[in-house]
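Generate the whole structure from the sequences, applying the supplied hints.
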Amino acid sequence: MRLLSYAQAIREAHAQLLESDPRVFVIGQGLYSPWYAGSSLLDIDKDYGRDRVIDSPVSENATTGAAVGAAIVGMRPIVFHPRMDFMLLAVDPIVNQAANWSYLFDGKINVPVVIRSVINRGGEQGAQHSQALQAMFMHIPGLKVVMPSTPYDAKGLLIAAVNDGNPVMYIDDRWLYEETGEVPEEMYQVPIGSAQIMREGADVSIVATSYMVSHAMTAAVQLEDQGIQAEIINLRSIKPWDKETVLASVQKTGRLVIADAAWATGGIAAEIGMTISSALFSELKSPVQRVTLPDAPAPIATAHEEIYYPDATNIVNAVKNLLN
Amino acid sequence: MTDAQQSEHSPLDLDLKISMYTSMVLIRQSEEAIADLVESKEIKTPCHLYIGQEAIAVGVCAALNTDDYIWGAHRSHGHYLAKGGNLNQMMAEIFGRKTGCAGGRGGSMHLCAPEVGIPGTVPLVAATIPLATGSGMASKLRKDGRISVPFFGDGATEEGHFHESINMAALYNLPVIFVCENNMYASHLQLLERRPADNLQKIGDLYEIPGLRIDGNDVIAVYEATRTAVERAKKGEGPSFLECRTYRWLGHVGHDRNLDVGVKRRDELEEWLPKDPVARLRLQLIEAGVDASEIERIDQGLQADIETALAFARNSPNPKNDSLLDHVFSSNEGIS
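Residue numbers (this note's numbering), protein chains in the order written: chain A, 17 to 340; chain B, 163 to 498.
Quick caveat, the hints were computed from the structure, so don't treat them as lab data. Where hints are given, some of them may not hold.
To be verified - Derived coverage of chain B by chain A (criterion: at least 3 residues anywhere in the stretch with Cβ under 8 angstroms from a Cβ of chain A; other residues may be distant):
#1 266-280
#2 329-342
#3 400-413
#4 485-491
Claimed, not checked - As a list, the in silico DSSO-like pairs of lysine-lysine whose alpha-carbon atoms are at most 30 angstroms apart:
#5 268(A) with 336(A)
#6 62(A) with 206(B)
#7 397(B) with 62(A)
#8 179(B) with 437(B)
#9 364(B) with 396(B)
#10 482(B) with 203(B)
#11 397(B) with 203(B)
#12 259(A) with 301(A)
#13 206(B) with 482(B)
#14 259(A) with 396(B)
#15 62(A) with 426(B)
#16 364(B) with 437(B)
Just so you know, even glycine gets a beta-carbon here, dropped at the ideal spot from N, CA and C.
Next comes the structure, spelled out in structure tokens:
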């Protein structure tokens, strides 16, 4: 099958959505500049016109609110935030408005908006250019949250998000933009709420999000050398998350590590760990472990960055702790 | 910016005036009935009443089509009724009943009637201004010719997203009419305690769009200014900003006049009560030859409608317990 990079897969999803559905438009900052969007939107305005691909004023709240308002009246907008940190200026339309609208109005009106936000960290960018805030948004009823970790997911989850009919936050990661993988040419959807078993194993289940999936795959190879068979689950969808797949895996292995490169407190790992501990208490062979960021803002210095961001080594160590 | 035109010389059709009068009295009487329910504690949902401001909702909506969009805020019973929202369903919503326009999930601050162009009202100050900008963007992309109107108070102009939205609407020539109801108060704080000058209409200058100061208690002036703004929007020339000056007779929330907010408010109210927009239009109708008995008939007919609506609300079922978690997510298609 054809190989595409993660960024190319995102671009292809946009192109096919714009091509096939006149309700789709894209708005946000940096759409005309690879500086903001990498190659994930390269020249898309040239192909689909600047009426539908709108590089906006510096107005996170108004662009997001406009996307939400347009969705309420039947459009299928994608609003783009090239850095998740800046999206915090738009929390009202996301949390108070989009996420509540269906419930508030008794299901009469839905909000098919996609809020695309990018995690763009490392490179000594520091505390306000590096944040991974998926847990904040996972907390909100009425909002779905997805995090593609492969080029295949990147395309299929964006198409699923636009077609979902509910507000979906789509969080992609600049660290993955050059990763390549097989991507079908046709339009397809990765169902929201479905995890993917990337590798089967009998000794430990490792649930990973976003770029931690590739570190988990690296860790699995290292663990295999030591005679430990890890099952790797690419979570893909944060809210709703695939309880069935994770439960079945942990029932088989009896051990669980969750790897999510965001803060530990109140995070995805805490939620999954609580759910699994509660459901499978008597079947767990050891306590659930998590691999996350420390509860501190992102540092600047490269030396600090190297110890701040978890990688395969942290996952291997977590598994070893759990087996001892 | 210009001062609004005087309405005395306006050659408006008498039927339209009677229709606007009917709508204003419906709002006035409904709000009075709701105030009684708040006072007697029969309803609990916070109600922000619109008495004194009726001419704005009615004047604006009379210049719109049914499929044009209006977006409201916390004080939006009047907007809902003026645009043609169903009275029974509004009352049932305020009672938190299943038959309410939002199924008993929204209460007074969350009304909707998508069938007549009301996608929703919400109490987060200024929150529907960007949403209305978005429905305007949708109309421009679809070329559907619809107008979008966010109604908001003077306090909303102090929020950042108001400025973000009006800039974007002006930049993209969106068919949006920003209707600011300047009732001089944001909750308990008077305008000049919140901004250095009483100069809201100047906002138009900054964004290179019409900024009009209108007597918001003159329904015909409001109607005509809206008509002009609608024509401009339909020609693709972009948004307008209307500052409709009025006064909130009651407190920020509830049935009380809140005269204890300050000596000033008592004085202000004495000044504004004689400018009653309903009484002004009634007088104009009589001067135009409408028989007083005809006006009396309208008033009494509406009172009967309100009694019917209250009975409908009281007799409606509560939402069922097993519906508590319904519609957190929707499988509906969007309205169009």
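We went through each hint and held it up to the structure:
1. 266-280: That given contact holds, which follows from 6 residues of the segment 266-280 of chain B lying within Cβ reach (below 8 angstroms) of chain A.
2. 329-342: That given contact holds, which follows from 4 residues of the segment 329-342 of chain B lying within Cβ reach (below 8 angstroms) of chain A.
3. 400-413: violated (count 0)
4. 485-491: Our answer is that it holds, as 4 residues pass the Cβ test (under 8 angstroms) against chain A, meeting three.
5. 268(A) with 336(A): 18 angstroms, holds
6. 62(A) with 206(B): 55 angstroms, violated
7. 397(B) with 62(A): 27 angstroms, holds
8. 179(B) with 437(B): 18 angstroms, holds
9. 364(B) with 396(B): 23 angstroms, holds
10. 482(B) with 203(B): 23 angstroms, holds
11. 397(B) with 203(B): Measuring from Cα to Cα gives roughly 49 angstroms; hence the hint is violated.
12. 259(A) with 301(A): 19 angstroms, holds
13. 206(B) with 482(B): Given that 30 angstroms is the threshold and the Cα spacing comes to 19 angstroms, the pair holds.
14. 259(A) with 396(B): 51 angstroms, violated
15. 62(A) with 426(B): 59 angstroms, violated
16. 364(B) with 437(B): The given pair, whose Cα atoms are some 25 angstroms apart, holds under the 30 angstroms limit.
This entry does not satisfy hints 3, 6, 11, 14, 15, going by the numbered hints stated previously.
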